[in-house]
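Protein chains: 2
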Amino acid sequence: MNYGRTFNFSAGPAMMPEPVLEEIQGEMMNYRGSGMCVMEMSHRSKVFEQIIQDAEADLRKLMNIPDNYKVLFIQGGGTLQFAMVPMNLMKNGKAVYIETGSWSKKAIAEAKKYGEVIIAASSKDKNFSYIPDCSDLDIPEDADYVYICENETINGTTYFELPNTKGHVLVSDQSSMFLSRPCDVSKYGLIWAGVQKNVGPAGLAVVIIREDLIRDDLPAYVPTYLNYKTHADAASLYNTPNCWAIYCCGKVFKYLQNTIGGLEAMNRLNEEKAAVLYDFLDSSKLFKGAVVKKDRSLMNVPFVTPSKEMDADVVAASVAAGFSNLKGHKSVGGLRASIYNAMPKEGVEALVAFLKDYEAKH
Amino acid sequence: MNYGRTFNFSAGPAMMPEPVLEEIQGEMMNYRGSGMCVMEMSHRSKVFEQIIQDAEADLRKLMNIPDNYKVLFIQGGGTLQFAMVPMNLMKNGKAVYIETGSWSKKAIAEAKKYGEVIIAASSKDKNFSYIPDCSDLDIPEDADYVYICENETINGTTYFELPNTKGHVLVSDQSSMFLSRPCDVSKYGLIWAGVQKNVGPAGLAVVIIREDLIRDDLPAYVPTYLNYKTHADAASLYNTPNCWAIYCCGKVFKYLQNTIGGLEAMNRLNEEKAAVLYDFLDSSKLFKGAVVKKDRSLMNVPFVTPSKEMDADVVAASVAAGFSNLKGHKSVGGLRASIYNAMPKEGVEALVAFLKDYEAKH
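Those protein sequences? They're chains F and B, same order as listed. Residue 246 in this note's numbering sits at position 93 of the first sequence, and the numbers go up by one each step. Residue 261 in this note's numbering sits at position 108 of the second sequence, and the numbers go up by one each step.
Next up, chain F with everything else stripped away, as it sits in the complex (with noise of 0.2 Å):
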């Protein structure tokens, strides 16, 4: 059905797959005999305990998730997260972060509240458009852990290795490219997403987290909704969850598992539809890159013209020819196209042509 929906580039909240959001319409009066809509129901009533358990086996499903790792759902985004990770992690009170952008960047000023933070490897002096080289960094012994953002979606760099950590827990920021590609979990202590960039609506982070590194012995100050241990002994079901963000998450983990084929299915159609973009990109005498070839991001794709009010003009005309948000982030200026999971190849190949034909006119 045509319902007039735009390609929407946004960097996040960002689109979700049409035949999710008709199979939530569809149920939105009553939801399959239960004589009532999601958001009305008990988060304690059994209709709602096979919601959210289903997401997470779903989850689990689609990314092999061992059995010694905890699934929690938690409201609070990134910026929670920022400091519930140190708050929780840092045992010895001192972990590594890599600098890597916007984000990292976040995560590092947060948690340099909770102890020492020390940073490794950095890509600031030619401005964030690289992956640092992480194969031989300096690491203490007793650094708590090693954290990356591990797509950046405004500076639009990814990991494709891992840094090595020397036997070190890895936690890794996911956000903007979570369940965008197969992801060996067990590499990993803690890997965190806010959901709104690559599966669902806004307000829930998915946090994945080995069992081993959940504790009891947390400072005092720690409020109870900040302990992973809270979260972690009642399965999500502490206090009221985001029942409503579970439940559609929990809808585009199954389109991602039935009808995508599982992520390696996904990481294929992700790698087609950038590659138009970069081979364009590549090949414009006007729009340029902004990021080294072999740090990319499959999922954000900043570019720039050669001036600030070219690149301006451009995001209008893009407006007008029915395209959302290409304006690139405020503090990075430029245009930014951001395409995850739910963008169709369609979308991709129509943002090209505009460009194409901005280009041929100036």
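Keep in mind that the hints are not guaranteed to be accurate.
Treat identical chains as interchangeable: a pair holds within one or across any two.
Stated by the list, open to error - Derived DSSO-like pairs (lysine-lysine); straight-line CA-CA distance at most 30 Å:
#, residue 1, residue 2
1, K247, K382
2, K199, K461
3, K407, K483
4, K214, K279
5, K447, K319
6, K498, K199
7, K244, K407
8, K498, K446
9, K258, K199
10, K265, K382
11, K258, K447
12, K199, K483
13, K199, K509
Please keep in mind that the hints were generated in silico from the structure rather than gathered at the bench.
Since chain F is already given, all that's left is putting chain B on it; use the hints.
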């Protein structure tokens, strides 16, 4: 239209107005020509900014909130507010709490992490079946605030008169009576409410805070997300908020104003509905209300039969008769009917007819 919806007496998440759900359903695939669902919108887009600004403006109108109060939309629910209130307001490290049941007890336990808690009045002696006299409390001069849970969801009590705080700041958890009746905001320093009981979907707390209580000298360990100033300075858009819940709640605010006619009208309807159930309980020989008359909540009505076995039998029979969620909270047992704003009078009448029928047969 008949959707086959049940009368849902859940204590929260709970019923929402059917016309609001229909509107949301209608806007699912393409919100008002934006080309996308609200779940897919950038929180920095003009279209979402309008949604959040309208929600705040409509709430301000509905509650007549004075200009020197901020309205904040925060994730994390009551559990996070239990920590945020003392973290932000305990300047002298001392606060007075009134102990009236399960939710004030949770607030007290969390506040003890951050300072001295003085329980100035309690109804623990009679199983929290009443609201203690708060007309002449013993409040230390340097107490930072006096905290109440204005409606105890589990115990079924409510304050019809606010405590005499003797000039101290009043903080109120209004979660289970938010927008059920008029409220003179100027009497409070801070009001907070998890919206999932009487307004919209879970995952959002509304905080109404007097501006002079917002501080910038909090202890270093307070996470950025847990500082009210973070949210106040950014008009609740410091990070990605629960956009969907804000959108849904905004619709309920409009519905209360335009369809119901405001909070005076809502209160009259709630009084009528509650009277149907309380009048029956007062006349019944089998069922008995659990709360003293003068302090009975209009929202949550706990009641019992002569035995636990019969309680369970009534619950089972109610499910068979098409009612949902009448089982009392696991901590107190018995039965409980939550009859929030969105429960129609017909729902309460149907429940009473069912209970009368049950009584006639036993």
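30 Å Cα threshold - placement of K461 relative to K199: Between copies only: 22 Å across chains, 55 Å inside a chain, cut-off 30 Å.
For the identical chains here, do K258 and K447 meet the 30 Å Cα criterion within one copy, between copies, both, or neither? within (22 Å within a copy, 55 Å between copies)
When no copy is specified for K247 and K382, does a C-alpha distance of 30 Å or less occur within a copy, between copies, both, or neither? both (21 Å within a copy, 28 Å between copies)
K265 and K382: within-copy, between-copy, both or neither at 30 Å Cα: Both. Shortest intra-copy (22 Å) and inter-copy (19 Å) distances satisfy the 30 Å Cα cut-off.
Checking K199 and K509: alpha-carbon separation at most 30 Å within a copy, between copies, both or neither? Between copies only: 28 Å across, 54 Å inside.
Up to 30 Å CA-CA - K407 versus K244, copy category: Neither way: K244 and K407 sit 37 Å apart in one copy and 49 Å across, limit 30 Å.
Within, between, both or neither: how does the pair K447, K319 come out at a Cα-Cα threshold of 30 Å? within (23 Å within a copy, 67 Å between copies)
Is the C-alpha distance from K258 to K199 at most 30 Å within one copy, between copies, in both cases, or in neither? Result: close only across copies, 27 Å inter versus 42 Å intra.
Identical-chain pair category, K498 with K199, by Cα at 30 Å: For K498 and K199, only the inter-copy Cα distance (26 Å) is at most 30 Å; the intra-copy one is 39 Å.
State whether the alpha carbon distance between K199 and K483 is at most 30 Å within one copy, between copies, both, or neither. Classified as between: cross-chain Cα gap 15 Å, same-chain 45 Å, threshold 30 Å.
Between copies, within a copy, both or neither: which fits K498 and K446 at Cα up to 30 Å? within (21 Å within a copy, 65 Å between copies)
Tell me, please, which holds for K214 and K279 at an alpha-carbon limit of 30 Å: within, between, both or neither? neither (39 Å within a copy, 50 Å between copies)
Taken one by one, the earlier hints fail for this structure at numbers 3, 4 and 7, listed in ascending order.
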